[in-house]
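Protein chains in written order, with our numbering: chain A, 1 to 190; chain B, 1 to 190; chain C, 1 to 190.
Please keep in mind that the hints were generated in silico from the structure rather than gathered at the bench.
No residue lacks a Cβ here, since even glycine has one placed at the ideal position from N, Cα and C.
Don't take each hint at face value.
[Stated by the list, open to error] The following label-pair restraints were derived from C-beta to C-beta distances: (1) B:Arg34 - C:Ser97: 46 to 54 Å; (2) A:Ala54 - C:Ala54: 31 to 39 Å; (3) C:Ser97 - A:Val114: 49 to 57 Å; (4) A:Glu35 - B:Asp170: 41 to 49 Å; (5) B:Gln129 - A:Asn53: 34 to 42 Å; (6) C:Gly51 - B:Asn69: 22 to 30 Å; (7) A:Ala171 - C:Asp183: 36 to 44 Å; (8) C:Gln76 - B:Ala171: 35 to 43 Å; (9) B:Ser127 - A:Gly156: 48 to 56 Å; (10) B:Gly51 - C:Glu173: 31 to 39 Å; (11) B:Asp170 - C:Asp183: 36 to 44 Å; (12) A:His96 - B:Gln76: 20 to 28 Å; (13) B:Gln129 - C:Pro98: 25 to 33 Å; (14) C:Gly51 - A:Ala54: 29 to 37 Å.
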Amino acid sequence: MEQPTKLVFFFLLVITCSSCGADASPKQHYKRVREPCKRLVFYFHDIIYNGENAKNATSAIVGTPAWGNRTILAGQNHFGDVVVFDDPITLDNNLHSPPVGRAQGFYIYDKKEVFTAWLGFSFAFNSTQHKGSINFAGADPLMNKTRDISVIGGTGDFFMTRGVATLSTDAFEGEVYFRLRVDVKLFECW
Amino acid sequence: MEQPTKLVFFFLLVITCSSCGADASPKQHYKRVREPCKRLVFYFHDIIYNGENAKNATSAIVGTPAWGNRTILAGQNHFGDVVVFDDPITLDNNLHSPPVGRAQGFYIYDKKEVFTAWLGFSFAFNSTQHKGSINFAGADPLMNKTRDISVIGGTGDFFMTRGVATLSTDAFEGEVYFRLRVDVKLFECW
Amino acid sequence: MEQPTKLVFFFLLVITCSSCGADASPKQHYKRVREPCKRLVFYFHDIIYNGENAKNATSAIVGTPAWGNRTILAGQNHFGDVVVFDDPITLDNNLHSPPVGRAQGFYIYDKKEVFTAWLGFSFAFNSTQHKGSINFAGADPLMNKTRDISVIGGTGDFFMTRGVATLSTDAFEGEVYFRLRVDVKLFECW
């Protein structure tokens, strides 16, 4: 009976040490598995104020370069326009679907030669399904079919989360309406 | 003497393995304990420039929607107003207490129907007590008694930190002065 | 033969437990080693639009306080000026070196008494060397020789990264051109 018992100890030790080695390396330079702990897909809908749509608008130009104005996006690929938004979030691509939250924050067009923006915003949820917020930041080279920004934190149901969100422009109409699809992939869940 | 020794080994193994199992799972999808590694409470004081208080003002409106101006917060719950600030941080709720640092950054009012803001700012410390910075971002639905934003990073004494900060409006006077209480709960400390 | 074997077990257990204790403590309050998993040095070059340099300008003032205008940085240490930029990134300090990416985002001068800014921006790479983005946020007290901001996330080659970036002003010419050296130290690499 004695040798088998020792063998069990030995195996337990090997298992224990190999997992510790992977994670408790003093330098923390191990490779982590890139599989999301949570994944969510949403759409949000942005209607920019153009001087005539005050009632429906969900966003407004609040900063412009010297050559711009606040009722129409500026020339040179809108370079320098700062837009503040409070956009409905829906589960499908229909603007009129019941919103499940609000996308709130700002984007800045930041390149003269091509459409490119920088985004800082949150998804704010307060429904039976989700409570709390997901915070995002990053560059959005919006002529690319898909582009990745960072999930930099979260609160409530998304406490301390981090990840990557893949954006794609699902639709746009002139320079007043656009719809973004956001594929939220969370890699740190608490 | 032999069986007790083995028993000790066994217990050690169980302890060892259970903690490794919790943390070193190859997918990193374990539940982490939500107890702060550091907790700090501060107040900061914002005095918005209104055209007449240049000397005392600690913040200024620097962007507005087309219908706004930069010496008074805009109608529609200030939607679209961008405010830059450099506010004193104090340990208690007295504006005239010796500041222990500065809260620096911006907020954007981002909703037409109700007061709501988006914040990007830092606490900058350079005292005997604290050196370094804590960086914050997130949505601030400021009609709620308390609301959580993300601590997205830090430097110096707060190197690489992450966490959640609970904001509450401690006081306000008209549309010129407000005081925020910030309960900083750090869950990643290096 | 029996006692030595047990001794080996004992040592293995001690090693195992000490590393687990360091990393897998249920409270996650261990000290991590502060050695970067990746380190990169870049320069970026900012040429502010001043009404006459439309062709060369890489940035523009898009928000100002009531007393400012958008073709020259405002008085009082530019307090309240919001600048949007799309700046070339180079590997050395030569503006005319081939750019390896773009620094895109914004900065806000946020203090009346001294030059201090708040930055939100990304390094966007799309070359054979680097693909993806690094996202930054933080306070930049730019009269200090060096100052640290946070790396709050990344995508592509810099997937999920976090760290600290040390900024230094490498050169400036009047109020139109400046060059920042950015020493990017990543402490979380996936």
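Here is how each hint holds up against the structure:
1. A beta carbon spacing of about 48 Å between Arg34 (chain B) and Ser97 (chain C) agrees with the range 46 to 54 Å that was offered as a hint.
2. The hinted range of 31 to 39 Å is satisfied by Ala54 (chain A) and Ala54 (chain C), whose Cβ atoms lie roughly 32 Å apart.
3. For Ser97 (chain C) and Val114 (chain A), the hinted distance range of 49 to 57 Å is not satisfied, since their beta carbons lie about 22 Å from each other.
4. At roughly 43 Å, the beta carbons of Glu35 (chain A) and Asp170 (chain B) sit within the given window of 41 to 49 Å.
5. Taking the beta carbon of each, Gln129 (chain B) and Asn53 (chain A) are about 51 Å apart, not inside 34 to 42 Å as hinted.
6. Roughly 23 Å separates the CB atoms of Gly51 (chain C) and Asn69 (chain B), a value that falls within the hinted 22 to 30 Å.
7. For the pair Ala171 (chain A) and Asp183 (chain C), the beta carbons lie near 42 Å from each other, so the given range of 36 to 44 Å is met.
8. A hinted range of 35 to 43 Å is violated for the C-beta pair Gln76 (chain C) and Ala171 (chain B), which are about 27 Å apart.
9. Look at Ser127 (chain B) against Gly156 (chain A): about 33 Å separates their beta carbons, and that is not inside 48 to 56 Å.
10. Range check, Gly51 (chain B) to Glu173 (chain C): about 34 Å between beta-carbon atoms, so the 31 to 39 Å window is met.
11. Range check, Asp170 (chain B) to Asp183 (chain C): about 39 Å between beta-carbon atoms, so the 36 to 44 Å window is met.
12. Restraint check, His96 (chain A) to Gln76 (chain B): a C-beta distance of roughly 23 Å satisfies the suggested window 20 to 28 Å.
13. In this structure the hint that Gln129 (chain B) and Pro98 (chain C) lie 25 to 33 Å apart at CB is violated, the actual value being about 46 Å.
14. Between Gly51 (chain C) and Ala54 (chain A) the C-beta distance comes to about 32 Å, which sits within the given range of 29 to 37 Å.
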